[in-house]
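Protein chains in written order, with my numbering: chain A, 1 to 532; chain B, 1 to 351.
No wet-lab data here; the hints were simulated from the structure.
Cβ coordinates follow ideal geometry from the N, Cα and C atoms, glycine included.
There could be a bad hint or two in this list.
Said to hold, decoys possible - Non-contacting residues of chain A with respect to chain B, defined by C-beta distances greater than 12 Å in every case (computed):
| id | residue |
| --- | --- |
| 1 | Leu-57 |
| 2 | Arg-86 |
| 3 | Leu-89 |
| 4 | Gly-105 |
| 5 | Val-235 |
Stated by the list, open to error - Partner residues aside, some chain A positions facing chain B, computed with beta carbon under 8 Å:
| id | residue |
| --- | --- |
| 6 | Gly-38 |
| 7 | Ser-167 |
| 8 | Val-197 |
| 9 | Ser-491 |
| 10 | Gly-494 |
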Amino acid sequence: MRVRERLPVPVATAVVLGFLGLFFAWPVAAIVGTGLRGDVGAVLAEAETWRLVAFTLGQAAASTLVALIAGMPLAYVLARAAIPGRAVLRAVVTVPFVLPTVVVGMAFRALFGLESSGGVLPIVLANAFFNVAVVARTVGGLWTHLDRRVEDAARSLGASRLRAFTSVTLPALLPALGSAAAVVFLFCSTSFGVVLVLGGGQYRTLETEIYLRTVQLLDLPGAAALSLLQFAAVVGALLVASAARRRRETALRLRAAVDTARVPQGGEWAVVAAAGIVVCGLLAPIVGLLLRSVSTVDGWGFAGYRALLGAGERGTLEVSGLDAALNSVRAAADATWMALLLGLLASFVLVGARRRVVAESVDLVLMLPLGVSAVTVGFGYLITLNLLPGDLRTSPLLVPFAQALVVTPLVIRMVLPVLRAVDDRLRQAAATLGASPWRVRREVDVPLAARAVLGAAGFGFVVALGEFGATSFLVRPDAPTLPVAIARLLSRPGALNTQMAYAACALLVLVTVLAVLLVERLRVRSDAVEEF
Amino acid sequence: MNRFLRWAALVAAAALATGCSLIGTGGEPPAPSGARTVTLVAHDSFAVDPRVLADFEKRSGIHVQVRTSGDAGELTNKLVLSKAAPIGDVAYGVDSTFASRALREGVFQPYRPVWADQGPQRFAQDPQHRLTAVDVADVCVNVDSKWFAAHRLPEPRSLRDLTDPRYRNLMSVPDPSTSSPGLAFLLDTVAAFGEPGWQDYWRALQANGVKLSGGWEEAYNQDFTGAAEHGTRPIVLSYASSPAAQAGPDGRSSSRALLDTCYRQVEYAGVLAGAKDPVAAGQVVDFLLSREFQQQVADQMYVYPAVTGVPLPPAWATAAPLPPKPAELPAAEVERNRDRWVQQWRTLVRG
Chain A
1 MRVRERLPVP VATAVVLGFL GLFFAWPVAA IVGTGLRGDV GAVLAEAETW
51 RLVAFTLGQA AASTLVALIA GMPLAYVLAR AAIPGRAVLR AVVTVPFVLP
101 TVVVGMAFRA LFGLESSGGV LPIVLANAFF NVAVVARTVG GLWTHLDRRV
151 EDAARSLGAS RLRAFTSVTL PALLPALGSA AAVVFLFCST SFGVVLVLGG
201 GQYRTLETEI YLRTVQLLDL PGAAALSLLQ FAAVVGALLV ASAARRRRET
251 ALRLRAAVDT ARVPQGGEWA VVAAAGIVVC GLLAPIVGLL LRSVSTVDGW
301 GFAGYRALLG AGERGTLEVS GLDAALNSVR AAADATWMAL LLGLLASFVL
351 VGARRRVVAE SVDLVLMLPL GVSAVTVGFG YLITLNLLPG DLRTSPLLVP
401 FAQALVVTPL VIRMVLPVLR AVDDRLRQAA ATLGASPWRV RREVDVPLAA
451 RAVLGAAGFG FVVALGEFGA TSFLVRPDAP TLPVAIARLL SRPGALNTQM
501 AYAACALLVL VTVLAVLLVE RLRVRSDAVE EF
Chain B
1 MNRFLRWAAL VAAAALATGC SLIGTGGEPP APSGARTVTL VAHDSFAVDP
51 RVLADFEKRS GIHVQVRTSG DAGELTNKLV LSKAAPIGDV AYGVDSTFAS
101 RALREGVFQP YRPVWADQGP QRFAQDPQHR LTAVDVADVC VNVDSKWFAA
151 HRLPEPRSLR DLTDPRYRNL MSVPDPSTSS PGLAFLLDTV AAFGEPGWQD
201 YWRALQANGV KLSGGWEEAY NQDFTGAAEH GTRPIVLSYA SSPAAQAGPD
251 GRSSSRALLD TCYRQVEYAG VLAGAKDPVA AGQVVDFLLS REFQQQVADQ
301 MYVYPAVTGV PLPPAWATAA PLPPKPAELP AAEVERNRDR WVQQWRTLVR
351 G
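Isolated chain A, as found in the complex (with noise of 0.2 Å):
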């Protein structure tokens, strides 16, 4: 027997997708359906456009490939090793995630010293850079609660640690792998930023092309057919993740951190080693950006931060970096728990859903947001959401509404391996014991996937602040975020603009630790209640 509720399931689904049809599948098909109004077949019939399908999935399938290498150490040193440091490591693999793209490309455009035209090279090892912390979460998540005792056994079976992980904890990891493979490809096949600073013009993939042909050249129907090749890709991309995850999660023997991590031994210190490299390739570039910060033209100087708790040089920004930080953790703090709400309500339907099929593909849909352009999002919004009542266009609200649609998906990709992994035995004995549906979730689902649901409010939270491309599009300028904000600096010239711009990002930093670091704190409570 399967525990499940009547009729929750309906109204959680209908709330689930009712937000999604609103503020993403309605405006996406009405930019697009304007589109296909023209001559789109005209696109398809290009040799170019072929060309830029495929260097689009090129380089998302090496940089996920790249992040997933460099993830997997981090992930063992999160999950495993009890070493000290650890919430300040969580905190450290995060920050690159925030960082704008802008600011990540000119560090990396500096580092290989680009010359006229951009190098494929640099955009996948920017891209890893900042999606190395989703692979490190996302399976560090899992592993942390990976029974470790099936190892031991095997390891007093007489296997080799490598044989061991290959055979016992690797297909045990598999789920979260897919899940972080699948969302680090989605957000690589639409990373913009990245492309254009480092592309330099030369390399150009659907969504640069997309944006290009939307925003300047008012191209419509080419972008709504370029629209819909990437929406192809992305599907695509999901069901092959999705067929790589079936029947992978599985029940296993979840057990509390405290239980799992052990101070490394031997070989592993070799892993651990490894995980110190990527930390020192994450680090890097911010302590670049943080040692600009303070460089002036005659020497190390503060006139950065000093300016940029007014409005800038000659009123660069209508508001102080100190505000837009604020308005920065507001958006985020709202958008968190929108996709809190939303991401939590679709893992408890998704869990519960008999059909694997309906669970499958209301998976998939809910992924869709992250693999669409911003630019098709926001200029669907241009087109439809004056129908409304209010005229949302120029809400305050969109902001986080659009950054919950990110976010969303990723607070299921971290939650639902976790609630999958519950064994449902568990669930009957309860039912057995007379506990209600509602009771049995709140007894044996929710203490287990406390913790996870944390990481992914925390994780969430860092996503939205961090968030440029639909937030530029949507907010407004008495408001401006963090991100926005640095890229108004830079698009300035003078110096002391330019310095403001990499003080402003090491506040972000600053918030973005602080945000991580709280929750750790929230997390290390929580482990006290999973030990049952």
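Given the coordinates of chain A, assemble chain B onto it according to the supplied hints.
Chain B only, in chain A's frame:
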């Protein structure tokens, strides 16, 4: 479990109570009671001295809501797409490159501001007076004079000079297909060398090692030797006004714009068709052309006032004078050929 839930609830409640939410903020300072509200849609670079704006609001009784909407191209396209239900009442920032598109699509309605013949008429695009010039933002090649002095090399003067082997690998230009100053430079070369001469010029430029970047930010902030990050290229495509941003307190700048390489870019404002209160909207356009507003455009937005007789900041007279004879192309010709030129440029330069 309960302990944890309580903790989490406490944090969430504290976060919401201390204002960590946009809900309820409304985002907008309340308009004075009885005031009419005009929404001004502008490009991202729009900036106004808050005192000047507050003065106008007090005098006119009109509350101005500013909404920025991307660069000139993005702004124009958004206006076109939303013309059935306009996102504002007045738009500022449609430039000479995109003006014909906005006019052809009927985005604006006729309005002739008070100061229209005090200078803006020089840049008029439309006999029906639907767009009025507010400022001039010419694009010019900039050079780092300090670098040229240190390297004992004469500075280039014209576009043709830039293909001289002496200036090999010294120039950085943003891509015309992804950057609006880059596009202006492409138009500049079309105006200077005609068709198909501009293509030969670009071949020569490329043979001379011109560096292309995705956006203006990388070219100016990162590649240009005269900027904060100390690049390696002393010649960069930027604006006529950029040297003013480099000027010290004495008004001297280490970089300068080459006045024979400039392309005229004019930024326009107009009342949107479908404006809720066209009279008030007209008053806001009047405000954009008023002396108070025109006087501060240089400092606020690094552009030149369109109204004649408005003084520039003292430093600008030496560091960043208005180019006397910039190149320009008729807006209709730009609109007709823009996409084809960009496409040809891509094929030519990117191969």
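So, going through the hints one by one against the coordinates:
1. Leu-57: For A:Leu-57, whose nearest Cβ neighbour in chain B is about 21 Å away, the distance exceeds 12 Å, so it holds.
2. Arg-86: holds, 20 Å
3. Leu-89: holds, 23 Å
4. Gly-105: Label violated. Min Cβ-Cβ 8 Å, cutoff 12 Å.
5. Val-235: holds, 26 Å
6. Gly-38: violated, 13 Å
7. Ser-167: violated, 35 Å
8. Val-197: For A:Val-197, the interface hint holds, since the closest Cβ of chain B sits about 5 Å away, which is under 8 Å.
9. Ser-491: Holds. Min distance 6 Å.
10. Gly-494: Holds, about 4 Å.
Figure legend: structure checked against the earlier numbered hints; hints not met, in rising order: 4, 6, 7.
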